[in-house]
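Please take these sequences and the hints and turn them into a complete structure.
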Amino acid sequence: GAVVSQHPSRVICKSGTSVKIECRSLDFQATTMFWYRQFPKQSLMLMATSNEGSKATYEQGVEKDKFLINHASLTLSTLTVTSAHPEDSSFYICSARDEGSEKLFFGSGTQLSVL
Amino acid sequence: EDQVTQSPEALRLQEGESSSLNCSYTVSGLRGLFWYRQDPGKGPEFLFTLYSAGEEKEKERLKATLTKKESFLHITAPKPEDSATYLCAVGHPQAGTALIFGKGTTLSVSS
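Just so you know, the protein sequences line up as chains A and B, in that order.
Going by the working numbering, the letters in the first sequence line up with residues 1 to 115, in that order.
Going by the working numbering, the letters in the second sequence line up with residues 1 to 111, in that order.
Wrong hints could be hidden among the right ones.
Pairs of lysine to aspartate or glutamate, EDC-like flavour, derived with a Cα cap of 16 Å [to be verified]:
1. Lys63(B) - Asp82(B)
2. Lys69(B) - Glu55(B)
3. Lys59(B) - Asp82(B)
4. Lys41(A) - Glu55(B)
5. Lys103(A) - Glu45(B)
6. Lys57(B) - Glu70(B)
7. Lys66(A) - Glu87(A)
8. Lys41(A) - Glu81(B)
9. Lys79(B) - Glu17(B)
Ranges between beta-carbon positions, derived for each pair [to be verified]:
10. Ser15(A) - Lys68(B): 23 to 29 Å
11. Gly41(B) - Asp27(A): 20 to 26 Å
12. Glu58(B) - Leu115(A): 28 to 34 Å
13. Gln3(B) - Glu87(A): 22 to 28 Å
14. Ser73(A) - Gly41(B): 23 to 29 Å
15. Leu115(A) - Lys68(B): 27 to 33 Å
16. Ser108(B) - Gly100(A): 17 to 23 Å
A few chain A positions that, by computed beta-carbon distances, are all more than 12 Å from chain B [to be verified]:
17. Gln6
18. Lys14
19. Ser15
20. Glu59
21. Gly61
22. Asn70
23. Thr75
24. Leu76
25. Thr82
26. Asp88
27. Thr110
28. Gln111
In case anyone wonders, no lab produced these hints; they're calculated from the structure.
Computed from a predicted structure; not experimentally measured.
Beta carbons: idealized from backbone N, C-alpha and C, even for Gly.
Here it is as structure tokens:
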């Protein structure tokens, strides 16, 4: 089946640094990818929709200057958390839509811990 | 406002003890109801998509059903390996195929 690769799976960083998370669709092209954030025992909250070759669409309350999204190719989207602070610590998950099957597949997630 | 509510929040079963998880939703323009399984520290794993009331889908010990207001995930004779959090989600009309998720039901099956 379709696979979405996300890495790193875990990252620990100091406050004020930037962290980049990559999301790749391995065997299909994805014109649209989605980035979610999940707190413990909470549901996945949509952060933004990433469209290949255009600017991302951010959900209300998500700072686009803090969470930079780049979707430069049909198989890769990146999320950069800029000037990370402890409150940014969370589980970040990407998903990609397989246009052929119309199914949505998820990456394995990235646990970000900001000290 | 679009909402997805799952119940119960947690469910403990003995191996072989069948049960059902509930997902109720209020959304304008439903574009599919999705069930995912999520293991700790992992991304969601796709299980089923349902599009219309009356539709049913099965996979091993799992069976998903859909009505106009809710969906059920029936687990028949569960095994310990079925222990996970089960997430329900609905299509988000304004964001294409982005999904609105419920908080999930954490299932624990003991032998």
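Taking the hints in turn, this is what the structure says about them:
For the proposed pair Lys63(B) and Asp82(B), the alpha carbon gap of about 13 Å is at most 16 Å, so the pair holds. Under the criterion of a C-alpha separation no larger than 16 Å, the hint pairing Lys69(B) with Glu55(B) is consistent with the structure, at around 13 Å. Straight-line distance between C-alpha atoms of Lys59(B) and Asp82(B) comes to about 12 Å, which keeps the hinted pair within the 16 Å bound. Taken as a hint, the Lys41(A) and Glu55(B) pair is broken in the structure, with Cα atoms around 29 Å apart against an allowance of 16 Å.
Restraint check: the Cα-Cα separation between Lys103(A) and Glu45(B) comes to about 11 Å, which is no more than 16 Å; the hinted pair holds. Among the hinted pairs, Lys57(B) with Glu70(B) is consistent with the structure: their alpha-carbon atoms are about 15 Å apart, no more than 16 Å. Taking the CA atoms of Lys66(A) and Glu87(A), the gap is about 12 Å. The hint holds against a cut of 16 Å. Pair hint Lys41(A) plus Glu81(B) does not hold up; C-alpha atoms about 20 Å apart against a cutoff of 16 Å.
At most 16 Å may separate the alpha-carbon atoms for a hinted pair to count; Lys79(B) and Glu17(B) meet this at roughly 9 Å. The hint said 23 to 29 Å for the Cβ distance between Ser15(A) and Lys68(B), and at roughly 48 Å that hint is violated. Taken as a hint, the range 20 to 26 Å holds for the pair Gly41(B) and Asp27(A), whose Cβ atoms sit roughly 24 Å apart. Between Glu58(B) and Leu115(A), the C-beta spacing of about 46 Å breaks the proposed range 28 to 34 Å.
A beta carbon spacing of about 25 Å between Gln3(B) and Glu87(A) agrees with the range 22 to 28 Å that was offered as a hint. Taken as a hint, the range 23 to 29 Å holds for the pair Ser73(A) and Gly41(B), whose Cβ atoms sit roughly 28 Å apart. Taking 27 to 33 Å as the suggested C-beta distance range, the pair Leu115(A) and Lys68(B) does not conform, at roughly 48 Å. Between Ser108(B) and Gly100(A), the C-beta spacing of about 36 Å breaks the proposed range 17 to 23 Å.
For Gln6(A), the condition that its CB be more than 12 Å from all CB atoms of chain B is violated, with the nearest at approximately 7 Å. Non-interface call for Lys14(A) relative to chain B: holds, since the shortest CB-CB distance, roughly 22 Å, exceeds 12 Å. Separation of Ser15(A) from chain B is adequate, the least Cβ-Cβ distance of about 23 Å exceeding the 12 Å criterion. Distance to chain B contradicts Glu59(A) as a non-interface residue, since its nearest Cβ pair spans about 8 Å, not more than 12 Å.
The beta carbon of Gly61(A) is kept farther than 12 Å from every beta carbon of chain B, the shortest such distance being approximately 14 Å. The beta carbon of Asn70(A) sits about 18 Å from the closest Cβ of chain B, which is more than 12 Å, so the claim that it is off the interface holds. Taking the minimum C-beta to C-beta distance to chain B, about 17 Å, the non-interface status of Thr75(A) holds against the 12 Å cut. For Leu76(A), the requirement that its beta carbon stay farther than 12 Å from each beta carbon of chain B is met, with the minimum near 17 Å.
Taking the minimum C-beta to C-beta distance to chain B, about 23 Å, the non-interface status of Thr82(A) holds against the 12 Å cut. Against chain B, the non-interface label of Asp88(A) holds: every CB pair exceeds 12 Å, the least being about 18 Å. Listed as outside the interface, Thr110(A) is inconsistent with that label: its C-beta sits roughly 9 Å from the nearest C-beta of chain B, within the 12 Å cut-off. Distance check for Gln111(A) against chain B: the nearest CB is about 7 Å away, which does not clear 12 Å, and the non-interface claim fails.
Of the numbered hints stated above, those contradicted by the structure are hints 4, 8, 10, 12, 15, 16, 17, 20, 27, 28, listed in ascending order.
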